[in-house]
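J.: Each chain is listed here by its residues.
4 protein chains.
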Amino acid sequence: MRTTSVGVFKIATRGPGDVSGLMGLIASRAIDPASILAILGKTEGNGGVNDFTREYAVAALCTALAPKLGLTPEEVEQRIAFVMSGGTEGVLSPHITVFTRQQLETPPAGISGKRLSIGMAQTRDFLPEELGRSAQIAETAKAVKAAMADAGITDAADVHFVQIKCPLLTSERVEEASSRGHKAVTISAYSSMAYSRGASALGVAVALGEVAADAKDEDVLRRYDLFSKVASTSSGIELMHNVVIVLGNSESSASEFEIGHAVMNDAIDAAAVIEALSSVGLGAQGLGAQGLGAQAKAGRALVNVLAKAEASPDGTVRGCRHTMLEDTDISSTRHARAAVGGLIAGLAGTGAVYVSGGAEHQGPAGGGPVAVIARLP
Amino acid sequence: MRTTSVGVFKIATRGPGDVSGLMGLIASRAIDPASILAILGKTEGNGGVNDFTREYAVAALCTALAPKLGLTPEEVEQRIAFVMSGGTEGVLSPHITVFTRQQLETPPAGISGKRLSIGMAQTRDFLPEELGRSAQIAETAKAVKAAMADAGITDAADVHFVQIKCPLLTSERVEEASSRGHKAVTISAYSSMAYSRGASALGVAVALGEVAADAKDEDVLRRYDLFSKVASTSSGIELMHNVVIVLGNSESSASEFEIGHAVMNDAIDAAAVIEALSSVGLGAQGLGAQGLGAQAKAGRALVNVLAKAEASPDGTVRGCRHTMLEDTDISSTRHARAAVGGLIAGLAGTGAVYVSGGAEHQGPAGGGPVAVIARLP
Amino acid sequence: MRTTSVGVFKIATRGPGDVSGLMGLIASRAIDPASILAILGKTEGNGGVNDFTREYAVAALCTALAPKLGLTPEEVEQRIAFVMSGGTEGVLSPHITVFTRQQLETPPAGISGKRLSIGMAQTRDFLPEELGRSAQIAETAKAVKAAMADAGITDAADVHFVQIKCPLLTSERVEEASSRGHKAVTISAYSSMAYSRGASALGVAVALGEVAADAKDEDVLRRYDLFSKVASTSSGIELMHNVVIVLGNSESSASEFEIGHAVMNDAIDAAAVIEALSSVGLGAQGLGAQGLGAQAKAGRALVNVLAKAEASPDGTVRGCRHTMLEDTDISSTRHARAAVGGLIAGLAGTGAVYVSGGAEHQGPAGGGPVAVIARLP
Amino acid sequence: MRTTSVGVFKIATRGPGDVSGLMGLIASRAIDPASILAILGKTEGNGGVNDFTREYAVAALCTALAPKLGLTPEEVEQRIAFVMSGGTEGVLSPHITVFTRQQLETPPAGISGKRLSIGMAQTRDFLPEELGRSAQIAETAKAVKAAMADAGITDAADVHFVQIKCPLLTSERVEEASSRGHKAVTISAYSSMAYSRGASALGVAVALGEVAADAKDEDVLRRYDLFSKVASTSSGIELMHNVVIVLGNSESSASEFEIGHAVMNDAIDAAAVIEALSSVGLGAQGLGAQGLGAQAKAGRALVNVLAKAEASPDGTVRGCRHTMLEDTDISSTRHARAAVGGLIAGLAGTGAVYVSGGAEHQGPAGGGPVAVIARLP
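First to last, the protein sequences are chains A, B, C and D.
For the first sequence, the residue numbers in numbering that gives the first Met the number 0 are 0 to 376.
For the second sequence, the residue numbers in numbering that gives the first Met the number 0 are 0 to 376.
For the third sequence, the residue numbers in numbering that gives the first Met the number 0 are 0 to 376.
For the fourth sequence, the residue numbers in numbering that gives the first Met the number 0 are 0 to 376.
With the rest of the complex left out, here is chain A (with noise of 0.2 Å):
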């Protein structure tokens, strides 16, 4: 039986304070602020340690809804999830992208098969000396089984994108962990980014049974054949836990939209993008009559696209030498989010996509999980 009804509204935005957008949506009651469950954005900032575009953005979002809530900021950062990952590099254009759930008290007719379905859960807080290792693995697995429960799903197979956020390592918690006589994974707080991204990813290929449940701390940003199709980590400085939302399809769900996933093997893989969008009826831009544009299910419109972009580690991209690594001008996680926003910018015919850094463990080494949602007719 259809239970629950899940919304997606992806807005521009002028800027990481702007809220106009949302809030004339909730202005004009196309959306119930209550019912909002998560807001993924991307902002403008470097997505690095201090890109502070991010804390930005959930500060302006929550200062403007506290009172269409009844409660103040801090409460409403309790509510709702917000994952804002940083860096709109190339193309890619800033905008955030609003879940919404709500239960139905009568289950519609005439909808078939799996529909939209999203569910939440965290982990405890974490000591800066478990992030990227085996207890945020754990942890993170249980959590993702949590979420998956809270989104109406059983079958792994109808999970298409898990976004995580999670925390980093800054001098502080890294003394902190070193005056209890801990020794943090790394002193970095650059790098540590990347071990708890890795560390979380690899907690949602536990969950999901992708990988053997005793990953180890070992493993972590060393072996990238143990990988996650579906898993979106996103690390920032505001939490010391993590928060998992499961996008996925379930018979329980009479929303409108419907979520499908590939997985990028390269940064250039083209057609990983082109399956991605045809897993939900839709074809790619450009391609016209002869191309897959035949295939594209009448009706049916693009949403968003959900990809995770990265360096691959060897240096290379299908044999050729890429520079990303070694530049020391714009992090690698720059480089790799304005290429592959590139690539899916023109197959999906709009800039306005989400596509994060740093695949440590999501996707295959250098490439990276790609989620479309569509609307249904």
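Careful, some of the hints might be misleading.
Unchecked claim - Below, in silico cross-link-like pairs of lysine to any residue (SDA-like), each with a Cα-Cα straight-line distance of 20 Å or less: (1) A:K67 / C:P66; (2) B:K215 / C:I186; (3) A:K182 / D:P312; (4) B:K296 / B:K215; (5) C:K182 / B:A364; (6) C:K182 / B:L375.
Said to hold, decoys possible - Over 10 Å on every C-beta distance to chain C, these chain D residues come out as not near it, computed from the model: (7) D213; (8) D216; (9) G350.
Think of the hints as simulated: they come from the structure by calculation, not from any bench.
Backbone N, C-alpha and C define an ideal beta-carbon position, used for all residues, glycine too.
Given the coordinates of chain A, work out where chains B, C and D should sit on it, guided by the hints.
T.: Frame of chain A; chains B, C and D shown alone:
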């Protein structure tokens, strides 16, 4: 009668000073050093004013080729046209493309259609105050016509790519003009690169009849509706004149290569990239049997894609805001190369493509020319 | 008669959104929120067009101060002058400086000499095409005179620092002017920051009689021999008018602080920094008994140094070539802040100093004003 | 008996490939090319992994010197020690310092005291897995002692600067170690530069008795209380062994130069810079009659300042938070060079000073050695 043979060799480099690939092909007699007419390279600097990888690569090539040609390094630099485009952002892979031309004593039989031809010319030295203004436009137009004649091309429709190397302004050059009572078009070295590229591109457009012959000072970087569909211009600190290389197809060529082009209307114009590939009988990667792959002509192979990229000056790509022009951390040319490079690499199946930044008056605003060279069976 | 009391509080911040230091001082009654006139801050963004740490800091402060003042955040932003200078390169340390002013009912006894005074004023909103031109100069000059009157200063020699917050151009603003048939001074957002800072500084120079009253459009960013010795201007995206804050010494002030200044003739002018410290009875750090330390007046303490830095436009510092203007990876304003910040921090003994970038017409070309505030015993 | 004569020439460069200054001095016989022992340079790249200005400068110098020495460029590179430190942030000015050494047939009369002496040595090639570990420490210590002997220095107190050029790890080198079953100290090229610099500096400290001889793998980049007061190490991609250059004063030298040093305890330690200047009889600029100027010995002139800079690893400078380590846009080495360069240039009166980044175990954490070479009257 086919009187010339034009060769094209794409060679990966391990660094800006790496000449081993070219030296190997000379040692194995695959390339006769005396036949080298031009070398286009992608080097791994920032592509900006202080990108020394370009001059380093030229210096290394000249030093290595000198003994092979019985010339001094300085004489090599005068004899061969070196165009180094800095910036291998994202998946772009450093490489050089060597163009050779030889006179044929015996015209080969069995060749049909027009084949790849190359011609060169250069302008006089410019005064600093002429850069980015009508003098540069008019002199460039003259040189383009001379280069077409050198290539044996009479019909402008057979011209598919015009690569120009043009000067930029430095503090010293601005000062020198000022000392004679003349004001340079800008005092910023970085801005001067755009002015010089723009005026040079308008020179191509004038020569090919794409715009009226009376392009004016005030059109440069203002009238973006005036552009060439085949111009590609790169500015560098090492010269004060324009070097013009015309690539097209000619009945006089017995080359085993063919060139075609299309125009990207914006930075995510996948259709144009596919059209350019298709123009020389190639299919896009990853589209499989359902896509254009079916249209690919048997036995043809991709040699290189030559394209220009830029951040659209109106701040949007297909209606979505981009952030390239407001980014103080990464120059917009780097953003644009990364994004367009990602799209082209995805469709071409390789990151070893020549995507150059700064497409002022080269294609429509925010877009740019995209040419493809294929080897015929 | 001493009728006002001016306070200065320098507060370290842990991030652009950190208001805890100020809130603590309000909670402990060290600061009466109603007395806050202006807040100058150094935030840790890039100081360029896309530096959102400035507006984030202002938003956080307004939100935090609103309940203390019984105002909305928007009203707080109108009431208090916030000047956030982005960029804490090198040893510079993020902090805010809070200026308070209160009327005194009973003039205190025993105060001799002129003491720190502060006054404010603002211009009308500018049209985009007025930025960087004579209209901005003239309106700014009027506002400086109004701010001097507000500060109780009649003699221009008593003005030691004039901080101005001024607008910049965005693509939209240039477009808007263009749609009305007007051409903005530049189409580059980044360049417009320099034009706006330059014209504003010339406005100060006009007001204080440092240059003739008829400064012209073409003087801006060209006639670097025209400058103010006390102007400090910062451009930001969030406003379209100039906000002027005059800092000087006045007989009408009963403040326990004093301000003085000197002018750095170039970016390595250690003597000027020492002179500025000395002007308020302070010695430079590290010089010990052999140096100026001997001249320091007993009991005086450094509060803050306020300075402007820029890359000298002729490409040299005291005869040696610098590379700040040719660097495509790091903007010259960041280079200059880092270097001048290093020198001032070394002599002041702390990195928590206000060094702001972009000193066009603020001090001689390549130099800039340096003011020091000391607390008297 | 004074048997050697050591010369020092500081030469400004107009770009990394500019050799004209040195060639001019050779042409005018001011420098005998056969006497050149070492060339230290500041080149204008980013100082990071992909800074090709260093190898470009070396290539240009070798090519230019080859005919003067009757050697191939490769042989020149073996004969002369080239140490190029990338990064001329802020006011730092690109230049090279040429050290010459000649045997004297007739010991000159009238020279008193120890004078500038220089010695060199090198280690064996390292395996990738040895970098940043005890093997690199021990081998370096041996080479330092050999270089001291070469310089005619027996007392460690006479050693004032030990410049080391050391390797870094690339993806290929890590891979190569891995293929033999060995794990490199880090997989990040950028991080490996710090490890290699740190281990090399500890090698100096061991050789000079500044730390115990049993420095361990785990001390590197961890035990920052272990350091050398005179070590300066720079890593580069072009070699796999360490090159050691010892600079000190010796009775055996008849040089007209003298060297001294001090240690900066943090990045704003003006007193240490003044102490270093004073140690060779020079006064700091700008202090005038009131300052150390009075102590300067008549006729002495500054030749160069040689210093190391780094962002203090605890995130603060003298109690104030800095943001260098959290900046994803600009590497901390660039920040540190800019700031320390600004301070030293201010006190030395010139930006043409050798300030090199990455001071791991070179001076206390956050500080670094500062040496000064003066020409005697």
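J.: A separate judgement is required for each hint: does it hold in the structure or not?
T.: Checked hints:
1. Using a Cα cut-off of 20 Å, the hinted pair A:K67 and C:P66 holds, with the two alpha carbons roughly 19 Å apart.
2. Straight-line distance between C-alpha atoms of B:K215 and C:I186 comes to about 19 Å, which keeps the hinted pair within the 20 Å bound.
3. For the hint linking A:K182 to D:P312, the alpha-carbon distance of about 16 Å falls within 20 Å, and the restraint holds.
4. Proximity of B:K296 to B:K215 is assessed by CA-CA distance (about 44 Å); at most 20 Å being required, the pair is judged violated.
5. A distance of roughly 19 Å separates the Cα atoms of C:K182 and B:A364; the hinted pair therefore holds under the 20 Å criterion.
6. With a C-alpha separation of about 51 Å, the suggested pairing of C:K182 with B:L375 is violated against the 20 Å cut-off.
7. Against the 10 Å criterion, D:D213 stays outside the reach of chain C, whose nearest CB is about 35 Å from its own CB.
8. The beta carbon of D:D216 sits about 32 Å from the closest Cβ of chain C, which is more than 10 Å, so the claim that it is off the interface holds.
9. The claim that D:G350 is not at the interface with chain C is violated, since a C-beta of that chain comes within 10 Å of its own (minimum 5 Å).
When held up to the earlier numbered hints, the structure conflicts with 4, 6 and 9 and fits the remainder.
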